[in-house]
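**Student:** The whole structure should be built from the sequences, with the hints applied where relevant.
Residues 454 to 1305 in this note's numbering are what the first sequence lists, from first letter to last.
A hint or two may mislead.
[What the hints assert, rightly or not] Below are the EDC-like pairs computed for lysine to aspartate or glutamate, each with C-alpha atoms no more than 16 Å apart in a straight line:
id : residue 1 : residue 2
1  : 1167      : 1194
2  : 1064      : 1151
3  : 1181      : 1099
4  : 1167      : 1095
No lab work stands behind these hints, which were simulated from the structure alone. Small disclaimer: the values here were computed from a predicted structure and weren't measured.
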Amino acid sequence: MKLAKNYDPKLYETDIYSLWEQSGAFSPNDKGRSFSLVVPPPNANGNLHMGHALSFSVQDIAARYHRLKGERVLFVPGADHAGFETQVVYERELEKQGKSRFDYSREVLYNKIFDFVDLNRDNFQTQIRKLGASVDWSRYAFSLDPKIVKQAYATFKQMWKEGLVYRGERLVNFCTLHGTAFADIEVDYREEKGQLWQIRYPLSDGSGELVVATTRPETMLGDTAVAVNPEDSRYKMMIGKTVKLPLTHREIPVIADNYVDVNFGTGAVKITPAHDPNDYQIAQRHDLPFVTVIGFDGKLVHSVPETFRGLNVLEGREAILKQLEREGLLVGDEEIIHNVGHCYKCATVIEPLLKEQWFIDIKPLADNALQAIRAGKIEFLPQAKQIQLERYLETIRDWNISRQIVWGIPIPAFQNEEDPDDWIYDERVDQEVITVDNKHYRRDADVFDTWFSSSTWPYTTLDYPQGTDFKEFYPLSLMETGSDLLYPWLSRMIMLGLYVTGEVPFSKVYLHGMITDSQGRKMSKSIGNVTDPMETIAKFGSDALRIGVISGQTPGNNQPYVEAKVIGGRNFINKLWNIARFTEGVVENFKQTDAQPISAADHWILVQYAKTKSLYIEHMDSYRFSEAYEIIYHFLWNDFADWYIEASKIEPNPALLAELLRSALPLVQPFAPFVSETIWQTLELSQNSLLINQKLIDLPSGNEENAMRFERIKSLVNEVRSLLTATKAVKVKLYYHNEPDVASFATVINQLGGTIGVEEGEAGRGIALTASGFNCWLDIDQESIDRYVTHLEELIAAEQQRTKQLQERLKNHSYLNQAPKELVEETSNQLVEAEQTLEKLLDEKIRFAPRR
RNA sequence: GGGCGCUUAGCUCAGUUGGCUAGAGCGCUUGCUUUACACGCAAGAAGUCGGGGGUUCAAGUCCCUCAGCGCCCACCA
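**Tutor:** Below is the structure:
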């Protein structure tokens, strides 16, 4: 035997992967339709998690399936520098050494992070290999590779030239700890308890006062107005007057704006345009000045009254409240639940701060994307995500692409040292100052938002615009990624792809849900509920992990990681291995490929194979991978192993057995690539080809009539087994009368049914078979017959109910008139069968009743 | 406040266009050293498909409604 007693994944997986890789099987072949997908590049800074295992599994199944169909498959791997994410990870490393990012110059820090990421490269790629991902390593892309950066620049330049990118002073979401701004989408809002303070703002003319309500008293130093609702009778007469802003010498106007909710707080809102997004908008409507009071370090700035200078936000708040109280201006406070934005990494409260940044004018891009999506140019799995994306694109706001970190792609923009409004595009980002037309320009210190460069991924990885890959494989056939990336990444790939290439970047999107722990909680290091896919592989093998995450999986839905599913996969792999071992023991020559069906079982299994194959293709083509897996699983385990192999022990047809194994392996291969290739190689099922290159195999078709004969024998065997178990009878003979098929399959029936003989006889003692439609009976002893009578009652009850149901359906005139003819016909056939069975059962009961 | 999901056996989930006597894996019960496999074989038990209403000859599947759970967006200072 070439196949070992047990399949131990560890012994084969690495070698099999090398075999694939070195053979060039991962690169597109030269014929066929093209099928392309690009891996959503994982962060280069860490390890793969369960979500990656799922994502790679889905992608790899698709890739392998399309190779199976004879298509030329392009499957591009890559990694993302993940700017902010990685810098945060690295800063933690520095912290361990007692250092911080401030200890290094920008260049030195960049290089240190680069080395840090580079060190992880092998680790990261090894993990992808362990997952069995059949990616083309020769096309591996890293988001800081020159070709990617070049295209990111080209995209930025084009937008600049066409006025889609602008520099503006806006409120940005700023983390004062990390010292960088974020996009709106990156802010983590949480519901929190807070306090709403009421503060008196006296009218300048001494005619009274306004009481404003605020959760952020410290920002009052930057107030430039107080707003009330124009319809609010309490304040109507104050509109247009001014108030004395406490703690300062400024006077600010009372303005009217519909934004103010009469019923919230006091109905009067202090307006701080430089520190609140809503106030910012009001300020624009009313042309109010902007007064900054909080700096990028999170401290009150120099221009505030001396007592408050340099205090951080919370200290400032305390100090201001105390001062107000002293002056009798603090009316009171109440508790309030409100949403507060936090840095998604360090939980620091995000400060809205005014900052000059690069923005993308998103409206035109979003409109294009919407048009394409509504025109159905991209198919979404699950479909509901399309609507979600449309909603998002309808309300999307301009995109801030500047980040104040070092780990990223420097923004290729320079500012005139003499004229702050004079910005030029230039790619000489390795220089701090450049001279153009005798003017000195200083490089923008910021880098791109990582999502900006990664949103060019579908076309940059394919070497847009001149590359052959781009010409032959763009748009991508499939983009598979997590549902959580729908807004931050997918939407932007679509917008940028359309903008730059004029085409949608991919024609199909498959969005997987999150893998949670067994209780449905997000896997997280702090909870300690993380399962490392590499550990699962070590324990159960890569194929088992793949089956475990893929079975029962549907797009869009979260799914818990359940080890039992992995175990189920492992068991199936073991089954497959043993099918192969049995076959190996029977087949002398795997090179012979002209198998023909002889027995009824042969015909039956060929019919089953044909059904399996067509259903499999149907599910695979629709990305219902879990269902396709179930199809092949049951074919191999139930049809092939449980029935065909057992039957073939009696009527062997080694040539066909070999062919069946050879034809089934390509179908399993997407789900269990390692074990199926191991079998293929070990048994040398094909002289000089790898299973990974094998196309779908057609087998001779089975004869329906013969297949049907076996199907009936199968149900006879089932009935015999069932009766033997119910009656607990042992050493039983089966008799038949005038049943040629039973006569010719006597050995099969005897062996599979567990009787001790199948013989011709006259009906007499024993119990008649009722369900399978043969004139047969089991010769059992009196004690067993008594047990059978009880069993009979149950069978009769069930059959009566069934008969009644069918009769009622056929009595219904509307059903007869309106349901499809075939269906009605089927129902009447079912009724005839049910009635026959019932009749036999009742006869049996009459025969045995006197004994009760 | 708005949007999108989910609720089907003990557990985790499938169920495509309405045709289902509602499936799978794991678990459970009973019996098996049947030599490819105990990571197995055989036979079983287990669900009023969240509640209510409707459309239809027919509803797990479509519509309405209620309840519970989850996610996302927007945010009242």
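**Student:** Against which earlier hints does the structure fall short, listed by number upward?
**Tutor:** Of the numbered hints given earlier, the structure breaks just one, which is hint 3.
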